[in-house]
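Position chain L against the provided structure of chain W, taking the given hints into account.
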Amino acid sequence: MFSRAYRMVITVPPVAWVAVFLLIPYLLMFCYSFWSVSSTQSIVHSWNFDNYRKLLEKPVYWETLLRSMWIAARVMLFSLFLGYPLAYFMSFYAGRRKDLLYQLVIIPLWVSYLVRAYAWKTILGSDGVLNTSMQYLHLTRHPLEFLLYSPFAVVLTLTHIYTPFAFLPIYAALEHIPRNLVEASHDLGATPAQTFWHVIFPLSIPGVVAGATFAFVLSLGDFLAPLLLGGPSGIMISNIVVSLFGAAYNWPLGAAISLGMLLLVLCLLFLSEKLEKKWSFA
Amino acid sequence: MELRMTDAANSSRSRWLVAHTTAVFAFLYLPIAVLIVYSFNGEGVGGFPPHHWTLDWYRILLSDESIWDSVFNSLKVAFAAMAISLTFGVPAALALDRANFPGKALFRRLVLLPLILPGIITGLSLLMLFNVGFVSTILKLVTGQQLSLLTITLGHGTALISVATTEVFAGLQKLDRRQEEASLDLGANYWQTFWRITVPNLKLSIIGAALLIFTLSMDEIAVSFFLIGRDNTLPLEIWGRLRRGITPEINAISTIIFLFSLVTIVFWYRLRVRGEGGAEVGMELIEAKSGEAK
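Going line by line, the protein sequences match chains W and L.
Residues in the first sequence are numbered consecutively from 1, following our numbering.
Residues in the second sequence are numbered consecutively from 1001, following our numbering.
Note that these hints are calculated values from the structure, not bench results.
Here the structure is a predicted model, which is why all the values come from computation and not from measurement.
Just so you know, even glycine gets a beta-carbon here, dropped at the ideal spot from N, CA and C.
Relax, there's no trap hidden among the hints.
With beta-carbon atoms standing in for the labels, derived distance ranges:
id: 1; chain 1: L; residue 1: Leu1259; chain 2: W; residue 2: Val12; range: 40 to 48 angstroms
id: 2; chain 1: L; residue 1: Arg1243; chain 2: W; residue 2: Gln41; range: 18 to 26 angstroms
id: 3; chain 1: W; residue 1: Cys31; chain 2: L; residue 2: Gly1042; range: 50 to 58 angstroms
The shape of chain W in the complex, shown without the other chains (with noise of 0.2 angstroms):
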């Protein structure tokens, strides 16, 4: 029913933006990775593999990497501990009040990253909330000091920022369940952990893999909380590459990092979109 040149009005200024502003720089940023810095601090034009021996060769890379994949699924486990249960709740014990505790879970998703990220910083650093109250109890009687400046604030502020991200899918997927397959399980005998574990987990899990996913590839980029809570040991990948692109002035093998990194978050989408589908019962 659409003429020729309305397809093309809606069409091609989509797809010329697109293609300037979004292909265009992630295909630079791959022609990059091949290209190397002169020691007058220019870009060399010069096609080799040197970043990426470079990569494979210095363990701190690597190391970071693995490090920041760690916290990341640290991240994503304990996203998915607090928003499965969450979710699981709203959807079949909340009633009346399933809209209200919605819209107190997006809530926080809208108050800046940045602000949520500092407040952890106030409670965990050594005169902040936490130390303070725990030692006004007497449970402790020095500051704790391994709170702030650790993986495990990082892993902490980041569990926050993404609870949410992984709590929504899987409360979408629960929503879908149709509730007559619930009744039926309950009418055959089926104890309330038969049901769960047979007719609703099963059902529930490509919610589960997008809220995993959310939360794993979103916290694996982040390099704001591991500069703020972070300190030396919590360091990530992309602080490397931060600092590549800024101070160490390396862009060619900062883009060789950013591009492992685009790599590995299109395979777990790929992976994730393949589970998904194998596991929607639709």
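This is chain L only, laid out in the frame that chain W set:
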């Protein structure tokens, strides 16, 4: 439907769930509560619980010109980014819905990618584009600098096309195409049909997208971090101050931002609930991230 909660096992189960839910909400709201309390704390950032209360930080904030400059910059960026994202995001959704062209699958993935991709990758790849000789020359001709609020706006606008596209695409799935057909049959041209039938039907999706884009842009930092010139946006101004040390007026501005966000989200939520009923609300942001416009 609610599950039967008669037998003992089930009620202990629901008690456990209530406890868990309470704990999660406490965890989600603790930092926000701390922030608000500290914004009135006479001792600044040290000292808990506060011994005396004060409005000093709000007073200091009021006379802090560089913060208000950055708020103004953020507003400019957010409105301009909103315009860019809608200008290209709405047609992109239409194109995905009703046009076939080579590379459509790639296009769909590219448009949605910035939603799930860590901001650092979007920011850096754009920085590389703006560093290309002639692009940088054009930027300098337009603004006098290579990096400026313009580059941040381009970054936000591009990254947030994804939000406009997913929202509007979702709206299009509910649109009754026969209305457009009727309009065309009755002699209206495409332009008239677009403005009188398509847009009014997508009104809620478009307003929802606009609000989302606005809030996301106001808070965006990962992309802006790499595209910043001389003028700061608010999150970058806050970032700069946090790096220099803890300053209590940040608590005050954060409390104000929180209240603004609260008003925006309640407004947005109301709007959406009226449009489509509670359960799906808020999902579009997240649903988009599964990388698939459904």
